[in-house]
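Novice: Numbering-wise (the working numbering), the sequence shown opens with residue 1 and increments by one.
A hint or two may mislead.
What the hints assert, rightly or not - Derived DMTMM-like pairs (lysine to aspartate or glutamate); straight-line CA-CA distance at most 20 Å:
1) 299 x 413
2) 391 x 376
3) 301 x 94
4) 301 x 452
The hints are simulated quantities; they were obtained by calculation from the structure and are not laboratory data.
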Amino acid sequence: MRLYNSLTRRIEEVVPINSSKVGVYTCGPTVYSTPTIGNFRTYTLADVLVRTLKYLGYQVNSVMNLTDVGHLTGDNEGDSSQGEDRLEKASKKEGKSAWEIADLYASEFLEHAKLLNLIRPDVICKATEHIPEQIKMVQELEKRGLTYKTSDGIYFDTVKFEALGNKYGELSSLDELKEGTRLESNLEKRNPRDFALWKFSPVGVKRQMEWDSPWGVGFPGWHIECSAMSKKYLGDQFDIHIGGEDLRSTHHPNEIAQAEGSSGKRPFVKYWVHGAFLLVDGGRMGKSLGNAYTVSDIKKKADPLALRYFYLTGHYRKQLNFTWQALMASDVALVKLRRAYQDALQNKGQRTSLSMEKMEKIEEYQNEFRAALSNDLNMPVALATVWEVVKSNIPNYDKVDLMREFDQVLGLDISSSKFQVSSSSSKAPDEVVALANKRQEWRKARDWKSADAARDEMEKLGWQIEESEGGVWKLNPKN
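Hey, can you work out the whole structure from these sequences and the hints?
Specialist: Structure, rendered in C-alpha cells:
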C-alpha cells in the first residue's frame, strides 16, 4: 500500500516497523461539545484506512484518544498553552460538572460513530485515565534537560531540543509554529514555539480537574496526552498517525518533539496522514455561521450512511464541499446501490462455471479496487469500481460476492436486510424509495411530523405508500 506521508511530503510504500502488525493512532475529539461533520470526515478517513489495511492483509492495532482535559481555548489563537480549559468552560455554560460534560459528549461521539458505521478502535483512551503516564513522560523530558519551569507551568524547550541534533517543526512550516497574537502570552517563555507540558492550577482557584504532580497541583498540557498514550499502547515508535490538517501546524509537531525527546528514538511515527477540511456551501464551517452541522442534523434529513457515502466521493487530501443537495444525491445513490444488491441477491441463482472472459472480468474488478485503495486511498475510484460491477454482465452470484467483499472497506451496509425493497416497489424512483425508508425510521422514532412530510413529498413525486404491521410497505403510482 502507498500513502502520502505529510512528514516527507511524498507518496511512500507502507512498510510496517513490525511486519506482523501495523500500529495506527488517531487524534480523536475533545469531548466538550458535539463533533461536527467536519470532524467526522477525519474519523471516517481513519476508519477507511484501517478497513483498507485489513482488507489488504495487514494486522492492525488501532488506537484513538478522547481528550477530556487540558485542551485550552488558546488553541484557536495559535497558542494551546494559554486560555481556559474547554471542558471547564463548557461546564460553566451548561451547568454540569466537567466530568459530566466529558461523559456526555464522549457517549454522544461514540453513538454518532456507530451511525456512520465506524469500526470501534482496538483501544479508546481518555487523557484523564492516563495522568501517571503523562507525568512520567514529563519527568523523562526533565531528565534530558528539555524542560523549564515558569510561574504557570512546566514548558518544553524547543531550542534545547534542536541543540541536541533534533529537528523541530518538520511536519509544518516553522512560520506556522508561532504564538498567537490575540491572547496575552506568557512572557516567561524562552521561545514563542515552546509549549506547556504541565500547567499549574491558578493560586487560590480550585479546578474541577486537577492532580498532584512532582511540580505541584495542576493538569497536563494538550500535546503530552497523545504522546504518552500512543507510547503506552503502540510503543516508542509506530507506523501511522492520523488527524485533521488543522493539527499539522502545532499539535502534531509538538507530539513529535515530546516523544522523540523523551525516548531518544527517531522517527516517532513513520507515516503521518492528514485529512483536508470539509467546506459548507463553498465556505468555512463554524458555529458562529450556523453551519457546524452534526450527525444528528444529518439523521433528520437522510440516512447517516449517506454522509459516509458523500465522504467517499472525494479524495481525503482535497477539500470537499458539503451541501444539502449533495447529501441528498448521496442518499439516493446509496439507495440505488442497495437496490442493485438486492436485485442481484434475489436473482442470483446457483453458482455456475464461468467462461474465461467472465473470470478475467471479475479479477479485473478486484484488481481495480485494490489498486485504488493502494494508491493513497483513492476512494472515488474505488467507489466507481463498485458501480462498474453493478452495471456489468457478470453473473449475479458473483456480483453479490464482489459487492459484499468491497463493502468490507466502504462500510455502507450494502447487504443489510433492513434495506430490502419490496418487488412491488421496484419501479419507484430511487429518490422515492429513499423517502420511504426514511419515513419508516421516523415512524419508529415517533417523529410524526417528519414522517408525514416524507409521505407528502412522495405524493408530490407521484407515488403513494401503503403500510402494514411489521414495517412492511409498498409503493404505488398515484392515479
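Novice: Would you mind marking each hint as holding or not holding in the structure?
Specialist: Taking the hints in turn, this is what the structure says about them:
no. : hint      : result
1   : 299 x 413 : 16 Å, holds
2   : 391 x 376 : 26 Å, violated
3   : 301 x 94  : 27 Å, violated
4   : 301 x 452 : 13 Å, holds
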